[in-house]
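J.: Following the hints, position chains B and C against chain A.
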Amino acid sequence: MKDRLSAFYWLNETQFAQASSEQITSQRRSAIEKFEIEGFPSVRDEEWKYTSLKKLITPDYLFPSPFVPLDQEEQIDFNDIKQFLVNDIDCYQVVFINGRYSSWLSETTHTNYDICTLGSAWKKYPEVVESYFNKLTKDDGPLVQLNTGLAWEGLYINVPKNTIVDKPIQVLYISTGDTPVFNQTRSLIILSEGSSAEIIERHHSLTNHETWTNAVDELHIGSNAKIHWVKLQHDSSNASLTQHSKIHQEKDSTAIVHTISTGGKLIRNNLDFSLTGKGAEARMFGLSLGSDRQLVDHHTRVDHIAPNCSSHEAYKGIYDESSRGVFNGKIYVHIDAQKTQAYQQNNNLILSEKATVDTKPQLEIFADDVKCSHGCTIGQLDEDALFYLRARGIRNKEAKALLMLAFANDAIADIQHPSLRVKLSQLIGRKLGVDMSNAL
Amino acid sequence: MLEIVNLHASIDNKVILNGINLKINPGEVHAIMGPNGSGKSTLSNVIAGHDGYDIISGDILFDGESVLNFPPEKRAHLGLFLSFQYPVEIPGITVSNFIRTALNEIRKAKGEESLGASPMLKLMREKMKVLEMDKGFLSRSLNEGFSGGEKKRNEIFQMAMLEPKMAILDETDSGLDIDALRVVANGVNALRSDRNAFIVITHYQRLLDYIIPDFVHVLFNGKIVKSGGKELAIELEKRGYDWIKKEQK
Amino acid sequence: MRLRRKLFIVSDNDKIIDEVTSSDYKYGFSTEIDSDTIEPGLSEDVIRQISLKKDEPQWMTDWRLDAYKVWKEMDEPDWANVSYSKPDFQNISYYSAVKKKQYDSLDEVDPELLKTFEKLGISLDEQKRLSGVAMDIVVDSVSVATTFKKTLKEKGIIFCSMSEAIKEHPELVKKHLGTVIPKSDNYYAALNSAVFTDGSFCYIPNGVRCPMELSTYFRINEAGTGQFERTLLIADKGSYVSYLEGCTAPQRDENQLHAAVVELIAMDDSEIKYSTVQNWFPGDSNGKGGVFNFVTKRGICETQAKISWTQVETGSAVTWKYPSCILKGDNSIGEFYSVALTNNFQQADTGTKMLHLGSNTKSTIISKGISAGKSHNSYRGLVRMGPRAKNARNFSQCDSLLMGDKCGAHTFPYIEVKNSTAKTEHEATTSKIGEDQIFYCQQRGLNPEAAIALIVNGYCKDVLNQLPMEFAVEAQKLLAISLEGSVG
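Top line first, the protein sequences correspond to chains A, B and C. Quick note: the first sequence uses this note's numbering, first residue 1, plus one each step. Quick note: the second sequence uses this note's numbering, first residue 1, plus one each step. Quick note: the third sequence uses this note's numbering, first residue 1, plus one each step.
For reference, chain A alone in the conformation it holds in the complex (with noise of 0.2 Å):
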């Protein structure tokens, strides 16, 4: 598969070369020069060490070129994708079916700020886009070299200095089709100074067949910028995806993302921030939920880099049948990051005889003045409360439900927008298969 990626650059490369500057094409070079080199990660890389990819790159995939339009198959309209949106709100829509921008779904704007597909940016905004891309990548793994390589479209953002976005952009990614598709999805995402955004992100496979994204994001948040992302990720049960984030944060800067994993085959997500400014605030939730045999591995890093930063990190894990979950979470304080706080906790619930957990919350600090915590615990539903609920009436699968989304609680609290915690709730009760949706 590795040489089959390698040979679609390749013969694509008078492509990318024509639609972007020389300084974009020569780094996707280098990525895909480095991807060529490294191949996919293996259980004996550090990082991979509870994830195997093998049979994630087994399959026959089609990819999508991003240079060919959608064919026939691939039309699909709005109420094959209505019900993957959050509905009564109003909101920016950005789709994509295989990693290829569908105007007819979208709601773009260029008014006050950009937002749009980064297809159309490569050559409408060079300067921002030369500037912006590959910054904060450079020197990650294989799968973000290979985005690098490949990626085409995704989500572009750019907010002027003091400016808020007035509504959620919903961003949406299809996979569809008849044969498996491997998607490189990237998104760049960029707010100056003061302003503010909030994106509720979704992908969903439409196919019986194996579907695989590979997305890069990068955030650049100014200083006294705020950022609010939510991931739903509720795919169907033959769709992965492998998705590294890296958000570079400014001054006294927020940046907030909550990651739900409620459905999918393997997921793997990497979400990385680095504080670089004073004040600097980065807040990550995580609920998953697994059953069948999902895998859900998240990775996190803080970096702290300037002083007076600080992170919090909820991640709760509840894995039924012969699902796994994974957690690797890293603060790494650097030298001169002073009064740093940094707090991190991973819970997890296991369910069933078959279900199994890994996790490996880390610190590593090099600055003396600073208050960090982590706390990881792996254990079972409390039974003394299961039975106080059910002593007052409660049926048993609806107060497990009950005392599951007790467990949650930390990981969604800070979602406040009424008609995502509608669906937040829906998701939820639809995966633990009891009605939910007045609970939250």
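Hint data in this document are derived by calculation from the structure and do not stem from the laboratory. Keep in mind that a hint or two might mislead.
Here are the computed distance ranges between Cβ atoms for each label pair [said to hold, decoys possible]:
no., chain 1, residue 1, chain 2, residue 2, range
1, A, K54, B, S139, 21 to 31 Å
2, A, E383, B, A109, 52 to 62 Å
3, B, N21, A, Q416, 40 to 50 Å
4, A, Q341, B, S193, 42 to 52 Å
Computed footprint of chain A on chain C, listed as stretches where at least three residues anywhere in the stretch have a Cβ under 8 Å from a Cβ of chain A [unchecked claim]:
no., stretch
5, 342-350
6, 428-436
Even glycine gets a Cβ: it sits at the ideal position worked out from N, Cα and C.
T.: Coordinates of chains B and C only, in the frame set by chain A:
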């Protein structure tokens, strides 16, 4: 015994003490009262030698000798004791171990022999009795999980053990109920003699019903703006601090 | 090891730091003893020579050669969070014996050596009379004296040097050696298996409670030698033993290598308490010299057995050590209590592995790391609940204390749960020593160094409490000495 001369001190470039003058003779009890933020705790920290403050000018003399350049432990060795407003928790160190270490450090500095384990224990028991403290107290970790009242009692207990010449009680009454207040005051009164002196820093007159001061000073904006006898405390209680503030304007 | 009363007053189960005397490495003298040393270098011949000198049976020689073959095929590991220049294995002497061995009584021991022990504060005589600690002392890999043998013999307890055990109790050694830590386990374990020269052997028979603490004292003396001791401790069914191990090395400019292997076997219903106070020479304040301490320690617990590791690590330039428990039997218990203190340029990567195989197995991990100066201190641990580990429980607490802004503290726990009835809890905190705590102590008359020593001892109390009294005092004192110069 203790003389503070035109003391100016600041923290993070903010001036907190703005020319304090105070002279305390053996046998005297001085009360320092004042509204929040007037500089009371800063004054006690500066006297004890906390290095978080910058001394801009002035001096602190203890038995005629300037102590400004002395580290906190040396001031303690000379007989200066501060009962902290917020005593610090030190996990893993028992009360008895801590007091024993402190007492023997002070004895060593004075050129005295260390006190052996059993006379030490005897002494502790005696003092605890006065303060109506439970024996189990000695084996608890220093201030860890103590209630507010227990912490303050522990401070007075340490004072009783270390027998300082000059003791500063920084809001020892805060967080104490009326019974605890009486016990603590009894403990202090039992220690009063013509060889030692006390500074009682408080917000309310209540404590001064039990520990009767010879002098009362009102601290405001880092300065002593009024001094008088114990009747001043009663007046303050009646009229509040506002009239002082108005007078200052 | 005897406590130096000059430094501590012990009373009422509470210890007070009275005085901390010198800031140099206290054990940094070397003793001039006539030694019999094999030329540096490693080959099959050298191994044959070691075996020959030790008058070993053929099976032992073969075992060593086999290990050597395994070692040659292996690479030195580099995953630990430490950096050092790798030892040159051809530049180390693998055998250095104090000449004239086989002492029947202490009178026959080289007087120079006895002086060494005196300097260290261990007078064997006094040791015998006062403390009731049976000691085996290993200097540069050769066991010098085992005291108290007779008293132990009456109970059927075997406590002797490894060399003696190979000769006197071959059946026990053959049966158990390398069963917990196979020759191929890791690079340094393989090296040790090939070249180990001595160590302690201990066997506690069925149902016997060892009436005294057993103790081994290790010291590297000869320059350019490595120490490769091998310890094998077998607690038969229903027995109990508490074992102490202490280490020092003289001050030398070059790095010395210490690669020990310790295997514990706790049979059904038995209990082993294994305590270490490690104070190998840490190098000077510029990071020159010091011991490379690459140690493999592991125990296996059968049904309802318990192994408890306690370690206080203050020495060595580089430490790489993970005393572990294989909780094989149902209801077995593993414990790990550790204080690791690094100062100046020391590096420590230490922790434990708790492998829960049986059901209802329990483990507790308490780790306290203290970093000062320019040192780096890492906790690395694995808790694994296997598929059969029904109702297994683990609790881990890993705290780091930082002193100064040039040091680092790192935590790398791995937690793998493959059983739905198992529970694990892991907590870790990192903080600096509280300035308000120091000020409070100062106000009560303690100088900053005494204040820090007191606070650090309080911080480590949960671990120090696990040590036998004498060791606890020794450990407290070591912590205080190792922290000297870290204030400011």
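J.: A separate judgement is required for each hint: does it hold in the structure or not?
T.: Verification of the supplied hints:
Restraint check, K54 (chain A) to S139 (chain B): a C-beta distance of roughly 58 Å breaks the suggested window 21 to 31 Å. In this structure, E383 (chain A) and A109 (chain B) meet the distance hint of 52 to 62 Å, their C-beta atoms being roughly 59 Å apart. Distance hint check: the CB atoms of N21 (chain B) and Q416 (chain A) are about 57 Å apart, inconsistent with the given range 40 to 50 Å. Q341 (chain A) and S193 (chain B) have their C-beta atoms about 48 Å apart, which keeps the hinted 42 to 52 Å range intact.
Coverage of a stretch by a chain is defined here by at least three residues with a beta carbon nearer than 8 Å to that chain's beta carbons; for the stretch 342-350 of chain C and chain A the count is 0, and the condition is violated. Restraint check on the stretch 428-436 of chain C versus chain A: 5 residues with Cβ-Cβ distances below 8 Å, three needed, restraint holds.
The earlier numbered hints that this structure contradicts are 1, 3, 5.
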